[in-house]
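Protein chains in written order, with the numbering used here: chain A, 2 to 116; chain B, 2 to 116.
Simulated from the structure, these hints should not be mistaken for laboratory data.
Incorrect hints may appear among the rest.
Note: identical chains are not told apart, hence a pair may lie in one copy or across any two.
Stated by the list, open to error - Distance condition first, Cα-Cα at most 20 Å in a straight line; then the derived EDC-like pairs of lysine to aspartate or glutamate: (1) 114 x 101; (2) 3 x 92; (3) 3 x 33.
In this text the structure is predicted, and so the values were computed from the model without any measurement.
Number of protein chains: 2
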Amino acid sequence: MKVISSYDMTGQPVAEEGASDVSIRWLISRPEGAPNFAMRLFELAPGGYTPLHTHAWEHEAFILEGAGEITTAAGPVAVTAGDAVYVAPEDLHQFRNAGDAVMKMLCMIPLPKEG
Amino acid sequence: MKVISSYDMTGQPVAEEGASDVSIRWLISRPEGAPNFAMRLFELAPGGYTPLHTHAWEHEAFILEGAGEITTAAGPVAVTAGDAVYVAPEDLHQFRNAGDAVMKMLCMIPLPKEG
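Chain A with its partners taken away, still in its complex shape (with noise of 0.2 Å):
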């Protein structure tokens, strides 16, 4: 069993092109021993965003302090602290901080398979 205290962390700049003022803290990975799947814990920035993309995984988000939209291929989609997010794999999607204050949430993603 371990504990990561996030706040014990510094996040680091998201350098992936397409990104603006995030950050991210792996919090639960290969590392700590996780086999199945990573737990993230991202900050943006007022007016922030992660990239506009799809991918062949799925999300699953979870809105812990602030407010923000999701750009999807069917349009903006707002989310507040409470909210839970499911993103299926190929889902266009972006995050984007639509607030004054930090926007933070947590985004699990499946781990490749070992071996």
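For chain A, the structure is supplied; the task is to place chain B on it using the hints.
Just chain B, lined up with the frame of chain A:
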């Protein structure tokens, strides 16, 4: 893409033997299309606890509000809001609300493979 508001859902009491004053909301699972893992939100009333047990799958938890204690084979471990918790497969564990306020936590588990 689906947004599930945890505030719009009613928690269901956890009736499992060994649990006390705990409710569960299934936020993301098979009905939402999740292929690999599920997201649940637990609320533990002051003094509430989950069963002391082991099982073959891991937990990835995140303390959203409140403070608690995890009973482990090595003794109790304090946790508080902002902590991520990795419980490995077969680790003995029990979550307890050690505070005066409701303790809220997300807990993710792998889903059985389909097909």
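Check residue 3 against residue 33 for me: Cα-Cα at most 20 Å, and say if that holds within a copy, between copies, both or neither.
Intra 7 Å, inter 29 Å, cutoff 20 Å: intra-copy only.
Is it within, between, both, or neither for residue 3 and residue 92, if the alpha carbons may be no more than 20 Å apart?
Classified as between; 10 Å across copies, 33 Å inside a copy.
Within a copy, between copies, both or neither: where do residue 114 and residue 101 come within 20 Å Cα-Cα?
This pair counts as neither: shortest intra-copy Cα distance 39 Å, inter-copy 42 Å.
When each numbered hint is compared with the structure, a violation occurs for hint 1 only.
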